[in-house]
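Asker: Chain F is fixed; fit chains L and P onto it per the hints.
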Amino acid sequence: MLEILIHGAVSSAIYAMLAVGFTLIFGVARVLNLAHGSFYALGAYGAYVLTTQLKVPLFPAALLAVALVALFGVVVERVLVRPMRGSQLAVLMITLAVALVVEQALFLTFGSEYRNVPAFVDEKFTIGGVDVGGQRLLALGVGAASVGTLWLFIQRTRLGSAILAISQDPVAAGYMGIPSDRIFSIVMAISAGLAAAAGVLAGPFLSVQPTMWLLPIVKAFAIVVVGGLGSIPGSILAAMMLGYAETIVGYLISTSWTEIVSVFATLLMLVVRPAGFFGRRAAF
Amino acid sequence: MKRMAVLATAVGVIGIWASPGAAQQAKPIRIGVPTAMQLQVGRDTQDALKIAIDEVNAKGGVLGRRLEMVVADETENPETGISAIKKLTADDKVDVLIGGYTSGVTLAQLPHISTAKTIYLGVGAASPSITAKVKQDYDNYKYIFRVGPLNAAHQARQVTTFISGFVKGELGFGKIAIVGENAKWVQDLVPLLKKGATEAGADVRVTEFFDTQTSDFSPLFAKVKDSGAQYMVVILSHASSDVFAKQWYDSRFPMPYGGIDVKSMDGDFCDRVGGKSVGEMAANFAVRAPLTPKTVPFFDEFKKRTGRSPVYTAFGAYDAVHIYAEAVTRAKTIEAGAVIKELEKTSYVGIPGMIEFDDMHDVKAGGKGPSLLFAQWQDKCERQVVFPKELRTADFVSPAWLKK
Amino acid sequence: MAGKRLDLAGATAFVALMVVFPLVFDSRYLIGVLTVSAIYGIWAVSWDFMSGLTGRENFGHSLFIGVGAYTAGFLNTLLGVSGWWNLPAAMAVAVIFALVIGLPTLRLKGPYFALAMLSGAVIMQRLVLIFWEQTGGEEGINGIEPLIRSQLGFYYFVLGVLVAITVLLLALARSHWGLVLRAIRGDEATCQAAGLNVTFYKIASLAISAACAGAGGAIYAHYQLQVSPQLFAVVTSITIITMVYVGGMASIYGPVGGAILLVLLTELLRNFGEWRLMIYSCTLILILFFLPHGLIAPTWQRFRSRFGRRP
Numbered sequence: 001m002l003e004i005l006i007h008g009a010v011s012s013a014i015y016a017m018l019a020v021g022f023t024l025i026f027g028v029a030r031v032l033n034l035a036h037g038s039f040y041a042l043g044a045y046g047a048y049v050l051t052t053q054l055k056v057p058l059f060p061a062a063l064l065a066v067a068l069v070a071l072f073g074v075v076v077e078r079v080l081v082r083p084m085r086g087s088q089l090a091v092l093m094i095t096l097a098v099a100l101v102v103e104q105a106l107f108l109t110f111g112s113e114y115r116n117v118p119a120f121v122d123e124k125f126t127i128g129g130v131d132v133g134g135q136r137l138l139a140l141g142v143g144a145a146s147v148g149t150l151w152l153f154i155q156r157t158r159l160g161s162a163i164l165a166i167s168q169d170p171v172a173a174g175y176m177g178i179p180s181d182r183i184f185s186i187v188m189a190i191s192a193g194l195a196a197a198a199g200v201l202a203g204p205f206l207s208v209q210p211t212m213w214l215l216p217i218v219k220a221f222a223i224v225v226v227g228g229l230g231s232i233p234g235s236i237l238a239a240m241m242l243g244y245a246e247t248i249v250g251y252l253i254s255t256s257w258t259e260i261v262s263v264f265a266t267l268l269m270l271v272v273r274p275a276g277f278f279g280r281r282a283a284f
Numbered sequence: 001m002k003r004m005a006v007l008a009t010a011v012g013v014i015g016i017w018a019s020p021g022a023a024q025q026a027k028p029i030r031i032g033v034p035t036a037m038q039l040q041v042g043r044d045t046q047d048a049l050k051i052a053i054d055e056v057n058a059k060g061g062v063l064g065r066r067l068e069m070v071v072a073d074e075t076e077n078p079e080t081g082i083s084a085i086k087k088l089t090a091d092d093k094v095d096v097l098i099g100g101y102t103s104g105v106t107l108a109q110l111p112h113i114s115t116a117k118t119i120y121l122g123v124g125a126a127s128p129s130i131t132a133k134v135k136q137d138y139d140n141y142k143y144i145f146r147v148g149p150l151n152a153a154h155q156a157r158q159v160t161t162f163i164s165g166f167v168k169g170e171l172g173f174g175k176i177a178i179v180g181e182n183a184k185w186v187q188d189l190v191p192l193l194k195k196g197a198t199e200a201g202a203d204v205r206v207t208e209f210f211d212t213q214t215s216d217f218s219p220l221f222a223k224v225k226d227s228g229a230q231y232m233v234v235i236l237s238h239a240s241s242d243v244f245a246k247q248w249y250d251s252r253f254p255m256p257y258g259g260i261d262v263k264s265m266d267g268d269f270c271d272r273v274g275g276k277s278v279g280e281m282a283a284n285f286a287v288r289a290p291l292t293p294k295t296v297p298f299f300d301e302f303k304k305r306t307g308r309s310p311v312y313t314a315f316g317a318y319d320a321v322h323i324y325a326e327a328v329t330r331a332k333t334i335e336a337g338a339v340i341k342e343l344e345k346t347s348y349v350g351i352p353g354m355i356e357f358d359d360m361h362d363v364k365a366g367g368k369g370p371s372l373l374f375a376q377w378q379d380k381c382e383r384q385v386v387f388p389k390e391l392r393t394a395d396f397v398s399p400a401w402l403k404k
Numbered sequence: 001m002a003g004k005r006l007d008l009a010g011a012t013a014f015v016a017l018m019v020v021f022p023l024v025f026d027s028r029y030l031i032g033v034l035t036v037s038a039i040y041g042i043w044a045v046s047w048d049f050m051s052g053l054t055g056r057e058n059f060g061h062s063l064f065i066g067v068g069a070y071t072a073g074f075l076n077t078l079l080g081v082s083g084w085w086n087l088p089a090a091m092a093v094a095v096i097f098a099l100v101i102g103l104p105t106l107r108l109k110g111p112y113f114a115l116a117m118l119s120g121a122v123i124m125q126r127l128v129l130i131f132w133e134q135t136g137g138e139e140g141i142n143g144i145e146p147l148i149r150s151q152l153g154f155y156y157f158v159l160g161v162l163v164a165i166t167v168l169l170l171a172l173a174r175s176h177w178g179l180v181l182r183a184i185r186g187d188e189a190t191c192q193a194a195g196l197n198v199t200f201y202k203i204a205s206l207a208i209s210a211a212c213a214g215a216g217g218a219i220y221a222h223y224q225l226q227v228s229p230q231l232f233a234v235v236t237s238i239t240i241i242t243m244v245y246v247g248g249m250a251s252i253y254g255p256v257g258g259a260i261l262l263v264l265l266t267e268l269l270r271n272f273g274e275w276r277l278m279i280y281s282c283t284l285i286l287i288l289f290f291l292p293h294g295l296i297a298p299t300w301q302r303f304r305s306r307f308g309r310r311p
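Protein sequences, first through last, are from chains F, L and P.
Counting in the working numbering, the first sequence runs from 1 upward without gaps.
Counting in the working numbering, the second sequence runs from 1 upward without gaps.
Counting in the working numbering, the third sequence runs from 1 upward without gaps.
Next up, chain F with everything else stripped away, as it sits in the complex (with noise of 0.2 Å):
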């Protein structure tokens, strides 16, 4: 029992940092950004070169591996998907397209073999009778944090202000002086740095290579729509919703039935109540 809440809790945290960056970005920009899960990819391959074949320090590799891709999701929104926001359609299938080329990228650089990302703690824990590895409490530890800070962040600042602004409604934000482009830069970068961060912690214990952006990705999706898209609240609930039914499901019957079950249930919510938890766009 006890197990099922400390690692659903772990993979509750995991899919929460990267819904919410997910979700943050579509809300604020209307986007559709399919290279999300690249951001992930790039975070965990990022510690890997930093540390294994630059040799730097394991905490600063982290942040800079954060920082560098939160660069590149900014390139890429500035780049790629600006022109093409007329459409929600061409800046799904262009970052679709960029997914593949960071893909190919890493395949072509680093091959297909997983690497090592090193872990910050390598002890293990045992809490109540559980073991757990001590990466993963740091994973859990860090990424509540991050979404907490994010959230108070989003409510109680002046930027965080301007970005629920222009969710809500972007002309009238235009209308007051907000700079929507700089927002969108901003917001694109927060999010890109949650995925890194995401990939980053959970890189030491779970699969690095070139093809790890896909499922990532696809969770994330299910996630924001389940938990209402540009609702961080919602994606909150709805990653804790997943992650603790992937976990249960895990436990009490077989590994086999929780991609199923979880996307079964995904798609019952749709039916069911199809804005999502929070949703304030109508879905139909």
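Be aware that one or more of the hints could be misleading.
Straight-line C-alpha distance at most 25 Å; calculated DSS-like pairs for lysine-lysine [as the list claims (entries may be wrong)]:
id, chain 1, residue 1, chain 2, residue 2
1, F, Lys124, L, Lys225
2, L, Lys332, L, Lys93
3, L, Lys403, L, Lys380
4, F, Lys55, L, Lys380
Calculated from the structure, these hints are not laboratory results.
This one's a predicted model, so the numbers in the text were calculated from it and none came from an experiment.
Answerer: Quick look at chains L and P alone, frame taken from chain F:
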């Protein structure tokens, strides 16, 4: 006038005398290589082929013809695999095919290989269904051979021996858990494994399959731990072995594990997981040990040329070239029918052992033939053969946190 | 008027080119590539008819392809049914699936609909893998009999089916039906208020789209002689959407060109070895960036307006 005539005759004579030499500049024999180019198995297949081809060409080629190779990416997708075969046979017009990795892709390619009437020497796919077709429909599928690896059924038998002879026999662990990825070859293999293990007196406490995409093994580990097993037998191929090893280590899982772990066959697997697989025992088709006179020289040559340790497809690829070359030489032609008859008579000392084919054109296991070696990752990521006893290079070492 | 004649001339020229091409090059490999590209064309055109016109992007088109292919596979290997019967059978099964998944989800819009359809396809893929004993798991169903033994014959057959479906769907798109679908894209509420049975049109167009996709799936099964769960994958759906996009959304004929272009591209880039997919993806980015309305349809439209107005 006369000088002209002499000159002309001389030229004519030289011309006639030189023409067998001119005929020797004959078309090279083309080897088509359908393989997963972006994966390690694909890279090593190609590199091993190059080594073998260079060796054969240095000795004058086959029937006076050089060997050359053409590669086509089959990825892990049957559709791409089928078009790779079509490209190699219809467009590049190769004389023989050597390659393969994913069983699903190879199975999809079979009818198209058969239509092209081209000999296919498999080096990577283990499903018994591939060679079963040879017996079911000899006329159409006689072109298919498997040089490596040992098919899944053979592997199952050898893992059973590992369980009864080593896990229970030597380590004294009677209670085992069997954990495998949700792939068809594993699902075919596990029942055989379970039966054999139980017959050998082991108590199979739990059998679990997990999705190949799984990246979180905690639920699985929890189940295995709760079952009371003392040793975890794994069957992994496409699954995330690295994550498995890392999570096993991170949670200081209370039992050792071992079995078939294809990714663990990589020479640098242990380094790639930061040393966290120390303690795991994985089956290998060959390690750098004198299994046959060819083994060590091959490992060294491969390391020299590529800086890497070869994965299992490399052994099959290298041996396949030589087997084919010898068969063609014996048949004195590259016409498929004749070569097939010679291939069936193959008795070749390869890298993992003596290669001979059974009536389904499948490499025979056991005896002098290739067999699985169970090697353990030990301190400083050194790999030592622990089972079978005859080839043991070091004793079993318990994982650090399990040492009493 | 001249525009229409030009369209007809263009279409005829295209079909003639496709017919003559393999005769000129006489390569079994090329015929194979063209056949597969024609099948993808069928899938792309069927997607465009529903999603292109109504603007409801269906991210689960692979579901219909997969069930069509597996139906053909099962009927052929288990019951020995010939391919000719499997085509209508596959279409029927695909339509059933369209109704099952379409009825509860067609009221959704945009990303919600996309995700719902995607989920449907993923569930089906998972089920096929879970029930591996019956479906062959990731090895799929092998040993399907070819529909037509001759390579060239098969190609012409698929080409014929592609042309027939394109013509049929084009006709539908240009008719009252297409008008309604486009209106639904614009403003569904108004359509409903105007008394149109919006639900019927949406479901029917999804069913038609599914039927064509299923037929394509069955043809695929009898051509490749095997089916595997990869047919249900997200990647398959996305590949098809990319083809439609490159061809020109909502044009119906554009996706044919998109399909042929992209399949040819992936094959012809084989000479680049390991770099094949990288170059393909970069080319894709260039096309998507510089030609956001697609390549085929806009080009034809431009050609048409230049030459179509001559007396």
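Asker: Now, for every hint given, state plainly whether the structure supports it.
Answerer: To see whether the hints hold, each was checked on the structure:
Taken as a hint, the Lys124(F) and Lys225(L) pair is honoured in the structure, with Cα atoms around 16 Å apart against an allowance of 25 Å. Restraint check for Lys332(L) and Lys93(L): the C-alpha separation of about 20 Å stays at or below 25 Å, so the hint holds. This hinted pair checks out: Lys403(L) and Lys380(L) have alpha carbons roughly 17 Å apart, not beyond 25 Å. This hinted pair checks out: Lys55(F) and Lys380(L) have alpha carbons roughly 20 Å apart, not beyond 25 Å.
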